[in-house]
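Protein sequences appear in the order of chains U and C.
If you're matching positions, the first sequence starts at 76 in the working numbering and goes up one per residue.
If you're matching positions, the second sequence starts at 76 in the working numbering and goes up one per residue.
Take the hints with a grain of salt, since some may be wrong.
It does not matter which identical chain is used: a pair holds within one copy or between any two.
The list that follows gives simulated cross-link-like pairs (lysine to any residue, SDA-like), each with its CA atoms no further than 25 Å apart [as the list claims (entries may be wrong)]:
1) K106 <-> P478
2) K113 <-> K627
3) K123 <-> Y134
4) K135 <-> A169
5) K426 <-> S111
6) K238 <-> N423
7) K437 <-> G363
8) K113 <-> L526
9) K124 <-> A99
10) K437 <-> I282
11) K135 <-> A715
12) K437 <-> E279
Just so you know, the hints here were simulated from the structure itself, not pulled from any lab data.
What follows is the residue order along each chain.
There are 2 protein chains.
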Amino acid sequence: MGISENGVFIFSVVVSLLAFGMAAYFYHWVKKQPSSNKRIEEVGGLIKKGANAFLSREYKVLARFAGVATLLILVFLPRPIWMGSPKANILMAASYILGTVFSALAGKIGIIVATIANGKAAEAAKNGIKPSFLVGFRGGAVMGMAVVGASLLGVSIIYMVTKDASSILGFSFGASSLALFAKAGGGIFTKTADISADLVGKVELGIPEDDPRNPAVIADNVGDNVGDVAGMGADLFDSNVAAMAATLVMALGLDKTLGGAANMEMIFCYASLGLLASIIGVLCARMGKKGDPTKALNGSTYITTAIFGVLTAIATWMFDFEWRIWGATIIGLMVGVIIGVASDYFTNDNKKPVRYVANASKSGPAFTILSGVSYGFLSVLPSMIGIGLSALLAYTICAPIGPGYAMFGIGMAAMGMLSIVGMIISNDAYGPIVDNARGLVEMGHLGDKALEITDELDSAGNTVKAVTKGFAIGAAGLTIISLLGAFMSEANIAAAEQGLMDKITGFDIMNPLVFFGLLVGAAIPAVFSAMLMLGVDKNAQRMVAEIHRQFKEIVGLAEGKEGVVPEYDKCIDIATVGALRELVPAGLMAIGVTLLVGFIGGVQAVGGFLAGNIISGLLLALFMSNAGGLWDNAKKYVEAGNEGGKGSDAHKSAVVGDTVGDPFKDTAGPSINTQVTVVSLVASIMAALFISFHLFG
Amino acid sequence: MGISENGVFIFSVVVSLLAFGMAAYFYHWVKKQPSSNKRIEEVGGLIKKGANAFLSREYKVLARFAGVATLLILVFLPRPIWMGSPKANILMAASYILGTVFSALAGKIGIIVATIANGKAAEAAKNGIKPSFLVGFRGGAVMGMAVVGASLLGVSIIYMVTKDASSILGFSFGASSLALFAKAGGGIFTKTADISADLVGKVELGIPEDDPRNPAVIADNVGDNVGDVAGMGADLFDSNVAAMAATLVMALGLDKTLGGAANMEMIFCYASLGLLASIIGVLCARMGKKGDPTKALNGSTYITTAIFGVLTAIATWMFDFEWRIWGATIIGLMVGVIIGVASDYFTNDNKKPVRYVANASKSGPAFTILSGVSYGFLSVLPSMIGIGLSALLAYTICAPIGPGYAMFGIGMAAMGMLSIVGMIISNDAYGPIVDNARGLVEMGHLGDKALEITDELDSAGNTVKAVTKGFAIGAAGLTIISLLGAFMSEANIAAAEQGLMDKITGFDIMNPLVFFGLLVGAAIPAVFSAMLMLGVDKNAQRMVAEIHRQFKEIVGLAEGKEGVVPEYDKCIDIATVGALRELVPAGLMAIGVTLLVGFIGGVQAVGGFLAGNIISGLLLALFMSNAGGLWDNAKKYVEAGNEGGKGSDAHKSAVVGDTVGDPFKDTAGPSINTQVTVVSLVASIMAALFISFHLFG
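With the rest of the complex left out, here is chain U (with noise of 0.2 Å):
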């Protein structure tokens, strides 16, 4: 039996909708959870406040950004007006538009909701563990049902309308765009808070976390919002969109005479399963009679991947799919859990790296930062290689199939590490929730027990965190693995369209072009790192002095005189002015670089730049996120009263390196992925040029 386009179409857009019904069904159920603590509602809604104040500057400079991308689109892309159509350009450049618009309507949907769940979850705890953590985890699945039902959606309607590689890529690339500030510009001001926060308050004045006469508090819990839950919206939702990109990209480019029209309803298939299968798992999460929530959270996952594995199986079975492919995706889907497996093991504190940071803090700080950079740099190992495995076994299986199916297989994989997605995200913005409840209900003063509640549900986050992470960058290698096919595929179109007889068969590394875009390409990861954290320091030490002013000039603030506020706004200010200001050079250094190799070096230098950039993309990313999770578990384990306790040496050893890992785990490490997938895009939408205008070779 086969499927029509149409029908497959249908299908997509059918379950996006239920998607997006299943958001709207947890937004209003979170919503109508009760509340009656004022003080919660108060200093709720001073965070809700501040983080739509980000959102709108953070959408006005990208507003600004992406007008200017649309204008260069119209005038250059796919071809120079003066040699294509211009018709192709206005289809690109308002895909480009639309990909930005549902980029930011999903991270905006996700804000909303979670400055209500975090509230409501506070409220909760008085009532137990298991309504609390409903309110967190379906606070969370609105997010992770928007984003994935908006990309699966936008993809289809391009798609369909369009049937064009260029539009596709538009689409990935506005999704792209804005992920890149998303992420960045949302790590930036979290941690800017976070660290300022902490530094003022529990180093030099000696108050709790959370306590309301810090003046960072709320924008440290508004940092929560905008950098874990939009932010990873955004990254999330461009590494999806961006595989499904690069799969149909590469698919419109094969052989049809091998069944490549099928590939089409494949891919759209697949990912409406995966979709449907997080539904599921979304709608299975509970906790069980233990009452732990960290196997609640990674049961529905597991229980997401076996559903998906099955409904593809059955898929591929009644529209005779090609089970070659079918088995790429799957290894794609386990390779996921493994790199997540992994780690966990290098993040968990019941495992032998976090002892050992631990018990090193003993010695000083300087031996905290020394085995947790060792232990960092000891994670990257499973995870490069199993990411190298799985693209040489879906290639190994899919080869056989013809022409171009062995890229398209390492597509499929990605596509297949992605499937989950839905869930990965709900899992991913649960954390955020809980922690920001947590801090409610300091706050609020709702008592021991709700604080114990919030405490172990935080916790969980946190540990769940550590391998959603790792999937999320697994997932992002092979998207970017996959996107250096589809540059590939569109520099032959280019240079077939341009009259070059020469296909360009791949990037040799003997070719000095590739092996100077290699190096240059490997060097841009750590440059794009550095920017961001000078960025976090710069921006600190302003709100520093800010917070210094205020204990200074505020009468009885310090003391915590009755009725006396800090001015919290001025440093959600600070965080959002310094975050937008230093997130821009280092995303048009990314962005400018990539055009300087491609026009000195034209498409083998781009090449060679693309795969060095995504190795040590992948092993920056890796080693910033394990280490940083690392450091953080480790401070909660000294926390816990283990190597002397909190107040020890030890602690102060561990808090250092936690203010090491909070920017290298929340704002640089997870920042890569989103920097190379622009560059990958910006690479693949500008092949023709590069084909046309170079200096070497």
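Put chain C on the given structure of chain U with help from the hints.
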């Protein structure tokens, strides 16, 4: 006018012997400098004894390793004995042994003179800065001359006797495997001792650096010698031999009709002229009237560079060598200088990065680390671009000569960069000698003036070190690119022998075997560094425990009672045993993974593996060396009275940065070069086996 192969051979031997003569002359000059202070002689004797004890134990471990390697070569390499001729295997094994012996000898000579020169330089400091400088510099020059003389002589003999690529690679592999032990083992030793001495001495007890009560103080001084003198010498011996080996192997595969025969003469001629230029440069090194030791060191480097350029131009004109290749050589040399200048910018305390990190230290150690990591990441960009661009330019210049010449040009650029290595080593070995001299001045109570002088000399050593380190990494970068060429050349010879018709023309990134190799190869330098740093960490913990024991158990030690001496050798013992125990697994891991990748994915996977290894190796080596140098100088900058000066919070933070930076810059960073070279040579040597036996592809 032409030059005969015999003529150039005689020239090489004469210049090598001249270098040995210079080494002997300087050695005797240093030795006959006056020494009168009993205390210095005593302590100097202890350092000498410790260094020799470490070396003999290290060489014992190495002898065992080399024994096993020799056996394996005899049976399997260049072809399994049942497939090739035993003669080739015997020649290769003999060359391998010669490589280890020459390298060991050069290291040993360096240690002998360095452990004499330190005391003489200390005493000379009583007479002023100029004589003290000259003793330090000439002591270092013994090492420089011996290392470069030995490498030129060794390669010349092997080539003239065998004219066989495998034997040359075998010699180079011998040098590399020793360098791996010397650099990594010495690196672990020196930082174990340094960190432990500081941690207990300066931090816990508040006694000054080099205080004789500290049981680790002699081990610390021994460490300077075995890590920075012997280790660094072996490292540069290795790079120098590898660069010559790679170009010779490529030259053997070049088309003779295009004048390929003249390439051999040119390689030896240029190498000899480089050594000659270094000899002249070393003789010219003197402090000017203003008495600035940094200027004296850098000045003689620039003189050497200029002399080399002129001499090779004359030779090229006289002997009708190819001017394009001369151009490639000079490009390499120029880029070396540029990389040195860039390293200097990031580590010089007159420049922004060091100042920024020193200032950030006021906010706590986490900011020292974050800003240092950030600048370390930024620092990789100019060097990566420089190396990539020089490879591109050398390739482009030499490509018109004929097939194979493009890659050969890159090899010659590496040779160009390494041409002045005699000068570089002299400058580098100067550092630990005057560092030791400073310690001896303190322990021998030679007075404040002498202390001031040796402080200034030491500081110049640190500044110049940044430049020479950048140089060493850049040279290693180009060398390993040309080793990639040598690998391909060897793989093709083996493929032809085995009757495979398809010539390997390159390594295509889009081939998943290559990509798999790229990813795994990129992970290895990170894992290798992590293992070394964890080694330092574990080892330092053992030594700290021992120091604590001594202060507790030896009565009167802490109080500094007359005649009470700590058990220095216990500490030296711990550092020695630990260093050797920790480095072996790291070295075996790197070699093991190379074999694994080769037997899994064959030659294509290995090609990718080497490229990944090179790229991430360069990235991490540059990052770690520069960040480490930056932290070191930021600490010194604060200690000079800035940002609060000694004892301030900024100082405490800067000390943490320096402690983290120590294993970065002296253990892991510089060992990565050697790791990459070893792996590249293993790959070249094993190429035939990888072609015969592999799982995929």
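Intra- versus inter-copy proximity for A169 and K135 (alpha-carbon distance at most 25 Å): within (19 Å within a copy, 71 Å between copies)
Intra- versus inter-copy proximity for S111 and K426 (alpha-carbon distance at most 25 Å): neither (41 Å within a copy, 58 Å between copies)
Alpha-carbon proximity between K135 and A715, which holds within one copy, between copies, both or neither at 25 Å: For K135 and A715, the Cα distance exceeds 25 Å both inside one copy (43 Å) and across copies (47 Å).
25 Å Cα threshold - placement of L526 relative to K113: For K113 and L526, the Cα distance is within 25 Å only inside one copy (18 Å; across copies 69 Å).
Alpha-carbon proximity between K123 and Y134, which holds within one copy, between copies, both or neither at 25 Å: Within one copy, since 16 Å is at most 25 Å while 67 Å is not.
Alpha-carbon proximity between K124 and A99, which holds within one copy, between copies, both or neither at 25 Å: Answer is within: at 22 Å inside a copy they meet the 25 Å cutoff, but 78 Å across does not.
25 Å Cα threshold - placement of N423 relative to K238: Neither: 46 Å inside a chain and 57 Å across chains, both beyond 25 Å.
Intra/inter-copy verdict for K437 and G363 if alpha-carbon distance must be at most 25 Å: neither (38 Å within a copy, 49 Å between copies)
Within, between, both or neither, where K113 and K627 count as close if Cα-Cα is 25 Å or less: So K113 and K627 fail the 25 Å test inside a copy (29 Å) and across (60 Å) alike.
Alpha-carbon proximity context of K437 and I282, limit 25 Å: both (23 Å within a copy, 21 Å between copies)
Intra- versus inter-copy proximity for E279 and K437 (alpha-carbon distance at most 25 Å): both (21 Å within a copy, 13 Å between copies)
Copy assignment of K106 with P478, given that the CA separation must stay at most 25 Å: Neither way: K106 and P478 sit 53 Å apart in one copy and 72 Å across, limit 25 Å.
The structure fails hints 1, 2, 5, 6, 7 and 11 (numbered hints given earlier, in ascending order).
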